[in-house]
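Enquirer: Here are the chains, one letter per residue:
Protein chains: 2
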Amino acid sequence: MSTATATKRIYFFGKNEGEINPSMKNILGGKGLNLAIMCHIGVPVPPGFTISTAECISFYDNGRKISAELLAEIRENVAKVEADMGLKFGDSENPLLFSVRSGARVSMPGMMDTILNLGLNDVSVEGLAKKSNNARFAWDSYRRFVHMFSTVVLDLDHHAFEHMIDDLKAAVGAEQDTDLTAENLKTLTQQYLKYVKDQGKSFPTDPYEQLGLAVAAVFTSWHSDRAVKYRQINKIPHDWGTAVNVQAMVFGNMGETSGTGVAFTRNPSTGENVFYGEFLMDAQGEDVVAGIRTPLPIAELERVMPDAYADLVAIYTTLEKHFKDMQDLEFTIQDRKLYLLQTRSGKRTAAAAVKIAVDMVEEGMIDKNEALIRVGADQIDQLLHPMIDPKAKVAVVATGLPASPGAAVGQVVFTAEEAEVWKNEGKKVILVRVETSPEDIGGMNAAEGILTARGGMTSHAAVVARGMGKCCVAGCAGLKISEKNKTLEIGSKVYKEGDYLSLNGSTGEVIDGQVPLISSELTGDFGTIMDWADAVRTIKIRANAETPLDAATALKFGAEGIGLCRTEHMFFEGDRIVAVREMILSETLEGRKKALAKLEPIQKGDFLSLFEIMDGLPVTVRLIDPPLHEFLPHTDEAAQEMATQMGVSLETVQHKVHQLHEFNPMLGHRGCRLGITFPEIIEMQARAIIGAAIDLKKEGKVVIPEIMIPLIGTVAELKMTKTKIVKICDELVKAAGIQLEYTVGTMIEIPRAALTADLIAAEADFFSFGTNDLTQMTFGVSRDDAGSFLPGYVEKGILKDDPFQVLDQEGVGQLIEIAVEKGRKVKPDLKIGICGEHGGEPSSIEFCYRSGFDYVSCSPYRIPIARLAAAQAVLRKKK
Amino acid sequence: MSTATATKRIYFFGKNEGEINPSMKNILGGKGLNLAIMCHIGVPVPPGFTISTAECISFYDNGRKISAELLAEIRENVAKVEADMGLKFGDSENPLLFSVRSGARVSMPGMMDTILNLGLNDVSVEGLAKKSNNARFAWDSYRRFVHMFSTVVLDLDHHAFEHMIDDLKAAVGAEQDTDLTAENLKTLTQQYLKYVKDQGKSFPTDPYEQLGLAVAAVFTSWHSDRAVKYRQINKIPHDWGTAVNVQAMVFGNMGETSGTGVAFTRNPSTGENVFYGEFLMDAQGEDVVAGIRTPLPIAELERVMPDAYADLVAIYTTLEKHFKDMQDLEFTIQDRKLYLLQTRSGKRTAAAAVKIAVDMVEEGMIDKNEALIRVGADQIDQLLHPMIDPKAKVAVVATGLPASPGAAVGQVVFTAEEAEVWKNEGKKVILVRVETSPEDIGGMNAAEGILTARGGMTSHAAVVARGMGKCCVAGCAGLKISEKNKTLEIGSKVYKEGDYLSLNGSTGEVIDGQVPLISSELTGDFGTIMDWADAVRTIKIRANAETPLDAATALKFGAEGIGLCRTEHMFFEGDRIVAVREMILSETLEGRKKALAKLEPIQKGDFLSLFEIMDGLPVTVRLIDPPLHEFLPHTDEAAQEMATQMGVSLETVQHKVHQLHEFNPMLGHRGCRLGITFPEIIEMQARAIIGAAIDLKKEGKVVIPEIMIPLIGTVAELKMTKTKIVKICDELVKAAGIQLEYTVGTMIEIPRAALTADLIAAEADFFSFGTNDLTQMTFGVSRDDAGSFLPGYVEKGILKDDPFQVLDQEGVGQLIEIAVEKGRKVKPDLKIGICGEHGGEPSSIEFCYRSGFDYVSCSPYRIPIARLAAAQAVLRKKK
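As given, the protein sequences belong to chains A and B, one line each in that order.
If you count the first sequence from 1, position 154 lands on 154 in the working numbering, and the numbers rise without skipping.
If you count the second sequence from 1, position 4 lands on 4 in the working numbering, and the numbers rise without skipping.
It is possible that part of the hints are untrue.
Copies of the same chain look alike in the list, so a pair counts if it works inside one copy or between any two.
As a list, the in silico EDC-like pairs of lysine to aspartate or glutamate whose alpha-carbon atoms are at most 20 Å apart [unchecked claim]:
1. Lys825 to Glu683
2. Lys480 to Glu662
3. Lys368 to Asp534
4. Lys724 to Asp225
5. Lys423 to Glu573
Think of the hints as simulated: they come from the structure by calculation, not from any bench.
Build the full structure now, drawing on both the sequences and the hints.
Expert: Written as structure tokens, this is what we have:
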């Protein structure tokens, strides 16, 4: 977006007057535009004016000075407000006061400065006291103004003012600020002004001088350190600038006929179509949220002040109809007259977002496409997992990475074996590990939740837990875990085996003891949104799944096939690991084949049940991927256990572990490289896959097996591997005397594969982008080790997002685009998908859609997110 | 190259007749073309004809059948040879025999089949006996022909024939084949023919049938397994096909007026311009090389047969003039008549290549450019290192990778410390390690050579050894090393500390005991070649060097600057490692700064001496690159030692080691990522570099420091790092009150950096491609772990070369081209170089030249290679 180019410096808003073209947002900012719109459609708003964002840029171009032209226009607009309000700026009888607020194109909450009650001085404060018949209110407003102006504009230390009020309270025996009398506050204000003078600053008494300085201060705050950093992190251009809203002050604290409140046009938690909010009579805005007095529910306002309530209802209905969205309102009643101070789209929970979107379609307010855009794809994850009762009080003892959403409560155990034992005894457990390995899979499955001290968002624990839809907090650096002593130290607190912990996988919080959980339900509205999404989206959604449970969950959530079945996960269960290790220990081809012969029927059984569950939907089976050492024990104890179990010496096991050790296993002897060195392994897998497919086909069932070869870097690897597999498969099919279609494709997960995709496409039936590894290699970052610097990168703004969560379109995306283009050039109908973690992340899904993918594949629990995100991608492109 | 398109099927060659257009090589093959050329320029060659390569293709297209048209043309050409020779094919009186040999466009030695003495049968053998007056010779020729034809054409088992001759020798009490009489050989031949019949095969007696089948057999051998594999490995297209040369047999074994020999037109070992070779009278070609009779030096021929010798001298002079290169000849004298059977460019040592090239320029035979092309750039490595006396008998006990050329003899030691101790005692040692680590650097420097059991051509040992110009054999898998027992087992042999071993780093051979070494000298001719190369090349050659010794060596070899000074190598020597470890152990910024303050003056001293030695040439200094754990001990003993030395507990050391442990250090917390987490480290380095430059500048010296930031993946990293460095440097320069130019650039070694080079170029003064890491990441291959599969990849033809030795232009090259294009688009004068291992490899240097690089940087000992390769690249592009 280019810098706003304003046609005038200041835009007045008042009764039925204001700029309402949505494109004006760049010039007026979000807050300014909405104020203008409200004025234009007849909503009562205290009049005022918005100084355009372009003036902010001019301010900087002009050496941080307000131009004479702008000052002149400010005067003209102040005069207009005076006329509108029937008051006079800084007057001794009938004073008009202003609020001065920032307002950028997009909301930057708390990043820039605000000044209220501007226009007060020793003269006008008396006018305010007289007019409000409330000297205390007048002096309180004045002392707040002096405090605010002195710190924001005159750059004095905030603490000095705090000290003065504390000293005064001590001197007069006041507990609260509210215990101070008008006289006390007058004294305080005078102390403030003396302090300012003592610091060598001059406090302006001329209201126009106050206003000019305040506007300059707001402009200046656009380049405050925190604002600059916020923009870096959120990729907001620095040259947008901020607008300044100068608005007449109205007061809800002018006695019992005044009041103030905040409200939502619908319930922001549930989405229910009822007016929702709180108010206080004789109060100012900050009192509603301060908690000193208990606000009343908005419905009470009907009883207290029926006319104002009726006005408010009429107004909120108007606003919702105008903005076609649930609104978050701020209002003030001054002497029975209702004013709206702000309106904006209201933040809402996922459940509310879904309900409001569906309701508004039914009410004819928006169409289905708009409804789809309204629900945050990432947000609906909330709806798919149990969560901590938001009303519960929790004691957070540590915070790690929110690795897999949902919540869990259970007793602490320190090994996967214990997790399974305890689970069998009917206990709920939290598995606490320094880090998990594939050996822990049974224990992870048995646990309610998983907590690790090391590893990132895509560590083993995180990936597996998300796949299981199980809560996980990973990389919680504050933990000191002793597996030997069975203790977990967090700060000074020590948890022993059996102690209770709770986890919030959506926030990364580790919570002391047991917290109450609630399970969200997939309501009918949710199903409706999914149906609408399916009607719009054009790319298929598949699941990464290997167990029958995963597959069934995936189907329940609407998967249209399996995009990634990781066969090595099937190598750990029960006796399988014994046969796998026998294969690894063997030094001869015959020995390996003997061990593999034991695995083959088991693998075949795996595929039989997977194919049956998926019932005619395509299933992409990836051949063995991890380096063989992942199947060997990692500790001396485990090595001894394995030696005993296999009837070999400890030295034999240790020698093999040593022999297979790798410095960088991520870049080691794995993927298709294994099959090239040991073809017998993948040949066994090919027989198991096609054997299972043949059995089902003979029963008249539909099976669509897709064999996927991992870690291809050169077309020669693919050709050699594919030739071996096709030979075996064709022989089996021929021997069975049936017709069976199957395809053989490849993962694109090595940069070189993407770069030579034209050569590779000639040998591949499909491409599936393995964006986890592709990201690791393209960035040169190991996701298992990135914890030591990657969080700092995101914090410092070097990276906008963790590239393992959100696909790096700028870098990794280029390789994907190169590969798609080169692949389709050679094979125009090449099927293309993604099976990395990014397949379930909305912005990454949008990238896949734009790049011409046929499908995305993600963990079962993210399928609804992917369905919605895929629809939103279509709608956004149309825009 | 496209498939040859022949205009006729067969090309006759005979006296003054033959096709001599060099473009005919595609059709005639190398051997066929040279035979034709010899005929054309009047060299006596037995006449014959070449069947074109296109016929080989037709043969396959035709279902492996010789077409009737080809057979007819063969008959016509046989008739022509008969006329020329005055003999008749397979005649009982005056028999003409043929040799049938393959001959492809490029030599594929031993890959395809040959048949000699074709045309013999029970009738013509008698004619041969009569005409030669040598029945034994005739029957010996016949039995050889039957044996050869039966195995090559009739596909019978070679061993059956060996058994029959062995049985016969035993029966008649013959020691050698030569002890068999004519009668014995006749019996044997008859046994052979019976055996063929018993196997159900029919042995053709018709000479034309023999010839047709032999030609078909040679065509068929083009697709033999070994030939196909050879072509895969050497990337020779399968559709080239082979030609077949059918040539009249002449015999050197027809008594004392006949003979045969091989000769080189110049000495192939020294290059000396003297006729060089051997001959035997009354002998066949194979007798010369078989070693049963000792051949005579070629000069003796002048005495034995002055006329033939005079003819030969005239001919070799003619041939050398024609081909303008040293020739390797085969000749036969049949009854005083000299025939040339083959001529080709002779293989030669590096020394000979240099001398011949320079001599031929002086003789006016070739120009300087041609001379430069004639010397193999990779070959001259031989000239720069000591080597094993080629006359010595050596006992090779194991073979590893030829990781760093040269040779070494010494006593075995097992630790770096011992290597240094023994060296100080005046002993020469071979350092034997499972693998080396940066801690071993002192010991490696002290050793004559390094032998490791693990690691590839770019392992730590290999890279460091090459940098030092020190002999290294790496990844020698057969070794069993016990550091504890101080033993090295190779097979059944056990070497203890102090036992002697020799290494040949150019072949990877490990040799028992002490072998005599000779040191090659850089002759004047070598200098001449280098001067000519420098005049032609356009890219600069720099060195990877950090020590004064490296830098001095680099200068001696002609380096024009330092392209890579690895500062971390400077962190290991002496007390430095203590300060480095103190820095790592510190948990506070102050602690780290305190430790770094100790390092700073030492680093500054390093740069002072480096800048002084390089005396005004540019020096690129790379900031710290390896992960911090590389500076920590790797064993418990070393950890205890460090704890004692630093006065901390063993647990503290172990905890830090554990804390910094990485799963994939290659993709971990290193390079610029360290400087972002711990800016104080690179700030210290910046102060040391610029501080040293300022000191020299003040003395009036010229210094060109170039600061290089490693492992950049995003422009934000570069910008943040550069900003910190520039601030410090500018402050120092300003404080010194002098003018100092320095540049800040980046390595391009992460795929993402190459892909986003346009963004990165905006912040970089130069790019230096780190092709070691770039190759690792682009391939997804860790060079430290690749030993388990990469050698198999090269063997199976999946990769033509080890991509860590020869730049992968197809994959990694694409990223380089993308980066150069994007970088120069933003900054047209961006300086671009390479500092990976590939910077010293000829084909990679050619790629860099074609891609528009400004310089290549390589280890000091490869600089002459790089100078020559850079010149050759220019010359090849011109062609």
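Enquirer: Sort out which numbered hints this structure fails and list those numbers smallest first.
Expert: Going through the list in order, the structure violates hint 1 alone and respects the others.
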